[in-house]
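Fit chain B to the known structure of chain A by using the hints.
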Amino acid sequence: MAFGPHLLLAALEGLVTAAVLALTALGLSLVFGVMRVVNVAHGEFFMLGAVLAWAISTAISGHAALGFLAALVLAPLIVGLIALVAERLVLRRLNYNPEATIVATIGMLYIIQQLALTFYGPEARPVEPPFSYRILLPWFGYSGYKLSIIAASALLLVATWFVLTRTKIGLVMRATQYDSETAQAFGIPVDRVYAGVFALGAMLAAVAAVLIVPISQAHYLMGQDPLLLSFIVVIIGGLGSLRGTVVAAVLIGLSDGIISVFFSPTLAKIIATLLVAMVLVFRPQGLFGTASR
Amino acid sequence: MTDKNGFFDLSRTGLTRRTALKGLAAGAGLAVAPGFVRYSQAQSSAPIKIGFQSHRTGIGAAYGRWYERTTAAAVKAINDAGGINGRPVEVIIEDDGTDPGRGAEVVGKFATQHKTDIVYGTLFSHVVIGSAPAAGEAKMPYFVVSEGHHVASTKLNRYVFQPGITDVKSQIQAMAPWIAANAGKKVTQIFPDFAFGYDHRDYLPPALKAQGAEVIAQIAIPPTESSFTKYFPQIPAETEVIYHVMVGPAVLTFVKELGEFYGSNRPQLFGFIDSLEATDINSPGLEFLDGSHFWEGSPRYAQPDDSAAQKAYRAAVGIDDNGAAVGDPKDVSTAAHMFGCWETLYVVKKAMEDAGYKGPEDRAKLVEATEALTEFAEGPEHPQGPKTFNGKIHQCFGIQNISKVEGGRLNVVHKTKIEDGLYEPEGDYTTQAL
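As you go down the protein sequences, you meet chains A and B in turn. As numbered in my numbering, residues 1 to 293 make up the first sequence, in order. As numbered in my numbering, residues 1 to 434 make up the second sequence, in order.
There could be a bad hint or two in this list.
[Unchecked claim] To be clear about the criterion: a stretch of chain B counts as covered by chain A if any three or more of its residues have a C-beta under 8 Å from a C-beta of chain A, and this derived list gives those stretches:
| # | segment |
| --- | --- |
| 1 | 61-69 |
| 2 | 223-229 |
| 3 | 254-264 |
| 4 | 277-288 |
If you're looking for bench data, these hints aren't it; they were derived computationally from the structure. Using N, Cα and C, we set each Cβ at its ideal position, and we do this for glycine too.
Only chain A is shown next, with the shape it has when bound in the complex (with noise of 0.2 Å):
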C-alpha cells in the first residue's frame, strides 16, 4: 500500500482509539481531580458498560440500532448507580483517604471482575453496531461506524466541557476541586458532590464502552488496558485537567496508531510509557496540570 493511504488508515485507527481514550481517561481525572482518589476500578466500569450493553442489546428485539440506543442510555446509567452504591458502602467510609481507597478499589477491581465471569462468563459476546456501512475508498474499505464513534465521543465531551465550565453543578465540582474544605465552609454538600462525581467518572467509561463494543466484543478481563492507558493519558495530560486530559488521549491514540502501523505495536507502547517516564521527571504536574498546592 502507498505512503499516503497508509497513513491515513493509521491516522483514522490512531482517532478511533483516541475518541474512546479520551472518554476513559476523563473519567479517571474527574474523580482524581475531584475526590483525589485514584480508583483503580474505572478499567472494571467500562467493562460493566459493554458487558450491560450486550446484555441490553440481545434483551430488545427489533433493528439493531433500537437496542443499542437502549443500551448507551441505559447501561452508564446501571453502571453510575453501581459506581453510587460503591462510593456509599466502601470510599465514604474510608474517608477517602487515598492510601485506603487505593487498596479498596484493587478490592472492587476484583470483586466486579469476578462477579462478571460468574454472571456474564467467560466468552467474548459481540453487540451489534446501530449501522453497518462500509465507506469504500480508493485503497481499502473503511467502517463507517468507526467514524461516527470519533463524532460521538467529540460530542460527549463538549458536553462534558460545558457541564463543567458553563453550569451551577460545574461550579460546585470545580470548587469541590480547588478546595474542599472552603467549599463545604460555604455551603456546599462536599460529600453528595463527591458521589455524584464517581458516579459520574464511571458513566463516562461505561459510554466509552458501550461506544466500542460493537467494533470489539463484552468480555470480562476487557477492562485492563484501558485502565493503563487512561493512566497514561492522565499522567501526561496532568491530573484533573479536561483539555489536559483530551489532548494527551489524541497524542497518544495518534501515535499509538501510526507508530504502529509503521513500526511496530510493541514500539508504540515503549515510546508512550518513555512519555510518562519523561513528563514525571520534567513535569510532574502533567502537560496542563497546576502545581499542587
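Same frame as chain A, but now just chain B:
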C-alpha cells in the same frame, strides 16, 4: 506515606490480638477443609485421584469450562463401567488462571497437598510449558490436551504426555497439501505473537514449500491486541490465501475488521477454529467468513457420516447437532479440542491398567506403560478417530478435518490421513532417567 486517619494503625481499627487469632484460625480451617483426609479406607478401594489443572479464569476460561464438562462426562462413563483397576476415579479441579506461574503452583499443590496420582488437562501452550518443570521435579505424570508442538519437540520432560490430541506441527503438515491444491499458492500468515503462534510460523513455510506453494508474509500480532485494521496494510496485494490463527477474545473483531477492509473482494481464507471456539459462527460480523475454510480437530456440527461412537460421545458430553450445549444454543462448545480430554482419560485408564497401577509409588511404571502404547482404535473410547502414538516423543497422531463455512454451519469437506501428519521424531524422552 501519611496515615492521617489511621487506617493502617491496628490499635485504632479495633483489631485486637484475640480477633486476629480468631481470624487466622478460621482461615486455616477453610484452607484445610476441602479435599483432605476424605478417604481413609484401604488403598485398594480408595479412588484414583486425577488433578485437573483447569483454565477456570483468564483468557482460556471458555475452554476451561468445556474441558470440565467433557472431563465430567468421561469420568462418569469410566466410573459407571467399573472405574480403573476396580477403583473409582475422582477429579480434583484447581484453577490455573490461564497463567504459567499459577499453573506451576497448581501442579505443586496437586503433588504435595492433594497428593493426586496424576495431573491432567490443560490447554494453553504457555501454561503447559510453565508447568512442565514442576511436574518433572515432582515426578508427577502430566497429561496435557494442548495441541502445541512443545511435548513432541522433546524439549519438556519424561513426565509430560499428549496422547489425546495431535500436535500443531503434524496438523499443519497434514493440511498443507490441501491448502496448496485448493486455496492458493501465495500465503500470508497472521498469528499470535507467542508459543502457539510460533509453531505455525515455523512449520507452515516448509510444509507449503514441499507442495510448491509459499508463505509470502508473516504477521505476528501481540496476544493482547484488540484492534487489527492497522496490521492489514502489511498483507501483500498478491496474497491468494490468508492463513489466520488467532486466539483470545478479540477474534470477532479481527474477522469483522478484515471484512471491512476487503469487502467482498477478498483473498481465500484458511483458519484454525481455535479462533472461533466457543463462539457462534452466526454471530453478527462473521458473515465475512462464509465460504472460508477451517481446521477442526473434531467437527463442531454433527456430520452426516458421524460414527455411532461420535454420536454417543456428543450425547454424553451434552452438545447438540450445532455443537452447543443441549438446551442453550448460545453456549457454544470448544468441540475441536475438548474431545482430547475424553480420549486422554481413556488413555490414562488403559495405561494404568497395563501398569497394574496401585498408587503414587507406581508412577514410573505408569510412565513406561504409557510410552509402550502404540495405537488407539476408533470407538467409544476414541470417538474422534483412530490414532497412533509415538512413545518416544509422547505424542499421538490422528486425522484432521477441514471444514467449510456454508449455510451458517461448518461442513467437513476433507479428512486427512494419519500418515499425512507423521514426521521424523526430534528426540527421545525414553532415554531420560525416571
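Quick rundown of the hints versus the structure:
no.: 1; hint: 61-69; in the structure: holds (count 4)
no.: 2; hint: 223-229; in the structure: holds (count 5)
no.: 3; hint: 254-264; in the structure: holds (count 6)
no.: 4; hint: 277-288; in the structure: holds (count 5)
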